[in-house]
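Trainee: Read off the chains here:
There are 2 protein chains.
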Amino acid sequence: MSKLRVESFTFSLDGFGAGPEQNLNNPLGVGGNALHAWAFPTRTFQQKLFGNENGETGVDEDFAARGFQNIGAWILGRNMFGPVRGPWPDESWRGWWGENPVYHMPVFVLTHHPRPPLVMEGGTTFHFVTEGIVDALERAREAAGGKDVRVGGGVSVIQQYLKQRLIDELHIAISPVLLGAGERLFEGVNLPALGYACIKHQATERATHLILSRQ
Amino acid sequence: MSKLRVESFTFSLDGFGAGPEQNLNNPLGVGGNALHAWAFPTRTFQQKLFGNENGETGVDEDFAARGFQNIGAWILGRNMFGPVRGPWPDESWRGWWGENPVYHMPVFVLTHHPRPPLVMEGGTTFHFVTEGIVDALERAREAAGGKDVRVGGGVSVIQQYLKQRLIDELHIAISPVLLGAGERLFEGVNLPALGYACIKHQATERATHLILSRQ
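Residue numbers (our numbering), protein chains in the order written: chain A, 24 to 238; chain B, 24 to 238.
Worth flagging that the hints you see were computed from the coordinates, not collected in a lab. Remember, predicted model here, so these are calculated numbers, not experimental data. Any given hint could be a false lead.
In this list, chains with the same sequence are indistinguishable; a pair is considered to hold if it fits within one copy or across any two.
[As the list claims (entries may be wrong)] With a straight-line Cα cutoff of 25 Å, these simulated SDA-like cross-link-like pairs (lysine to any residue) come out:
#1 26 / 64
#2 71 / 136
#3 223 / 84
#4 223 / 144
#5 26 / 203
#6 71 / 135
Isolated chain A, as found in the complex (with noise of 0.2 Å):
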């Protein structure tokens, strides 16, 4: 069965997913990229966001690369998409990922604002479901052809699904940085009542990667 997968979900040592003030300059808030420090230098990150051939290896490598494994379909919350908020003004914004984005696949993005799909080079194409969460996993699974779909957040996304229980396993980093403010993945969510539990846990110098599973 196709699984709904979170992989490589950064938060900080004081829980946040993402910095506050989410805005062009910022796409993952304010203090958001220091999050990420575990995932840029790895080799997957550098093929797939820029391009590079080189990478370093290891577990961190290890991690973001399984992020990438298996997964025929993307959901994505509309500020994962872009700044603009409420209805769409025209056209013009079409990610934070230029002309050719890093998914390579079908891609959903939940939004209350229709529009019609956006084909992009490289075989992404994104699709705006207004539907709602179930809709989107329904079309995503679908598109995938029996390989998983990857939500990619943000926090209010995967908090949605989770409370549903249609996620059925996380990749989640703890990074070693403070944010003191932003949103919390697992703010008002009750992981063991939903009967989730960490089922691997290891550490390098720049994060803690936990698997979680629905049991």
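Let chain A serve as the given structure and place chain B on it in line with the hints.
Mentor: Then chain B, alone, in the frame of chain A:
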């Protein structure tokens, strides 16, 4: 200058420093014992808490041991001293630790309800402070005679001292368990805004250890 330190304070992956429903059988709240699985096998905890000669050495032990180095007095919230709430019905409750408590030095217990000092075996005296956290700190500093003062907790007491920037250093351990509910150490506390930063980060199989310091 004598420091005010938090040591071996442990919280769960979902951020809870104690489980819910503290009572006589669950001094750390339900599930709270699992939090401290990193500490129990250490030589320091085996010796200090259980009177055993042996115990594990290594990184976990190093962090456990530093918590008892150069400490001249402790400060505890009343709930750490016991499960009794409201005015003391009598003087029968003498702490969780039996007649010879683990402290072996003056311990200042924050409470709204006065009570005479309680002299125990082995050098521990519990002093009940009703004049607030600053007064407790002054008295503890004086009693410590130049050594540091350790705040044992709980969450609310640490938060009160943090918000007044009175804590110099915190050793925090994050345990690979989920508690689901309880008290969050960093709820409503913006650490970077208060001047704290993570200056050390070291992980083991059982916990991720952090040192936070006021800059």
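Trainee: As a check of your reading, is residue 71 near residue 136 (CA-CA no more than 25 Å) within one copy, between copies, both or neither?
Mentor: neither (29 Å within a copy, 61 Å between copies)
Trainee: Should residue 223 paired with residue 84 be assigned to within, between, both, or neither, using CA atoms and 25 Å as the limit?
Mentor: both (16 Å within a copy, 22 Å between copies)
Trainee: First find the shortest C-alpha distance between residue 223 and residue 144 inside one copy, then the shortest across copies, and answer within, between, both or neither for a cut-off of 25 Å.
Mentor: Neither. Shortest intra-copy (37 Å) and inter-copy (43 Å) distances fail the 25 Å Cα cut-off.
Trainee: Given identical chains, is residue 71 near residue 135, meaning Cα to Cα at most 25 Å, within a copy, between copies, both, or neither?
Mentor: Close neither inside one copy (30 Å) nor across copies (58 Å); limit 25 Å.
Trainee: My question is about residue 26 and residue 64: at a cut-off of 25 Å on alpha-carbon distance, are they close within one copy, between copies, both, or neither?
Mentor: neither (28 Å within a copy, 38 Å between copies)
Trainee: Could you figure out if residue 26 and residue 203 sit no more than 25 Å apart (CA to CA) within one copy, between two copies, both or neither?
Mentor: Classified as between: cross-chain Cα gap 23 Å, same-chain 33 Å, threshold 25 Å.
Against the hints set out earlier in the document, violations occur for numbers 1, 2, 4 and 6.
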